[in-house]
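Participant: Build out the structure end to end from the sequences listed, making use of the hints.
Chain residues, written in single-letter form:
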Amino acid sequence: MIDYIRLEVRRTLRDKGFVIFGIGMPVVMYLLLTHIAGDSGKDADAWKVSAMVGMASYGALGAALGTGTGVAEDKKLGWLRQLRITPLSPARVVVGRGLSGSVTVLPAIAVVLLLGALVNDVQLSAGQWAGLVVLLWLGTAPFTLLGMGNGYRLSAQAAGMVNGGCMMVLAIIGGLWFPVAAFPGWLEKISRWTPSNRFAELGWSITAGHGPSAGTILVLAAWLAVFGAYAVYAYRRAARTA
Amino acid sequence: MGMTTATGNTGTTGSARDATAVAFSGVVKTYGEVRAVDGLDLTVRRGETVALLGRNGAGKSTTISMLLGLLPPTSGEVRLFGGTPERAVREGRIGAMLQDGRPIPRVTVRELVAFVAATYPKPMAVSEALALAGLETLAGQRVDKLSGGQTQRVRFAVALAGDPELVVLDEPTTALDVEGRRDFWRAMRACAGRGNTVVFSTHYLTEADENADRIVVVDRGRVVADGTGEAIKRTVGGALVSFDLADGPTDGLAELPGVTSLEIRGDRALLRSADSDATVLALARLGLVRGLQVAPASLEDAFLALTSSALEGAAAVGEGARR
Ligand SMILES: Nc1ncnc2c1ncn2[C@@H]1O[C@H](COP(=O)(O)OP(=O)(O)OP(=O)(O)O)[C@@H](O)[C@H]1O
Ligand SMILES: [Mg+2]
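Residue numbers (numbering that gives the first Met the number 0), protein chains in the order written: chain A, 0 to 241; chain B, 0 to 322.
All the pointers check out, no bait thrown in.
Only pairs whose alpha carbons sit at most 25 Å apart, straight line, appear in this in silico SDA-like list of lysine to any residue:
1) A:K15 - A:A155
2) B:K121 - A:W78
3) A:K75 - B:Y30
4) A:K75 - A:V94
5) A:K75 - B:Q98
What the hints contain is simulated information worked out from the structure, not anything from laboratory work. Keep in mind the model is a prediction, meaning the values are calculated, not measured.
Facilitator: This is the structure we're talking about:
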């Protein structure tokens, strides 16, 4: 299974589209968002921190969902069938793909955080930096599962579009691009229940100097369960036909 | 040697079972109304090279999918090495080249072959698999930058990489040029020469005849003939008798002695005959001898006769001889 993870990570990193859009987009957006509004004052400093977490979350979210798009492409090529006639068990194939997907979220997180530290001069303790990376990394699990569910269930083309759509909607409604405080009240309430907002909240809670609340973790765990069930259901259906 | 009796050794005495690689018994696969595989019985012994021969839609790929455990049969049973296909796959005894499979992009040939090899318990050396498939010089190339024929060879290397006991190849030569085909079959025979069991599908009787110990002709999901290339040619009827009709009547020709099928092509009548002497004598008695020709049935004739839907008679002969 380690070999499978290594193979898939290598394939993802060789994907120019992944590197340009998956890593480049959050980087460019982060620099734009933090420099357009002018870059002095206390508000600007807070914004640099919260936008850093937002954009790292956004990049990680995209990479996680992108795993599912890759699954749909593999299915189209007949690679999932080919894997099923190797001694690798189906469970290992699915788990391996999920884990490789979770590795490919790291570059976006790391690059945005590095920019925050080096370009935007964000100051955090070593423990906070480490906590950020670990929590943002673990927090992508629900999105990897959602993307994989779409990948197993849909055609390659549809999976690409649906995962792209999910990414946009989740990023915007979750307040990864613009703070939810700027939303109308009712939308702000909805936003607090979305997986993407709670995901980013993991990071914001760390930069605010405390850990994530139990509520945040519960909401994320619920989403993890929902998307996990969806991925299992989609995989079972695909195994019957693909 | 006469016809191989395929259905003879499905009886599971201990030793017969040990010698059996593949056993289909009464396997049916339906897609709604379509009976893709319709009561297939087939036994392949270890070490045998068997060709599944059939035209488009005959049910070859469906049969292979069930053999590999990718598709559950609607009814009937598939056994590999005395167990389920899933078990044989998990034990790393099976390698396959699927008809519609394409290798994944953004890996090199060597990375891909090495990855698949590593999933098997006792793989062959990666360099050996690459050499068998004729890929040594392409090992460092990205899989998505290869030609169709080269890609085909990668898929062959993937099938061989784990050094499986049973190698299954679904239409392995479709994208290959003449030289590629020759190299491919040489590699396939080398693989069979290691004592492996090989099952491959093809549209071409010549290809089956040259490369398999035994040919199983499949049509509309059933086995219509099973034996060596020689035996199959014999089954279909030794000869093609033809003559000019000269506007004469055609009724009754199909009932002449020895005739298994009749075809009218323009002004010529073509009779496939299991006993050309008797057929020619009968034609002579009727005075139908203008431009009379007797030619031995070619392999293509044999195949067409076995599988063409218009020629039920010939197929029945094939079945009769097998039993
Ligand atoms: N997924 C499917 N759904 C419905 N019908 C199917 C499906 N797969 C195959 N069939 C039908 O089953 C029959 C056998 O198909 P199969 O692919 O086994 O043929 P084949 O012998 O491999 O043909 P070819 O030489 O063209 O590859 C065909 O009539 C086909 O239309
Ligand atoms: Mg086929």
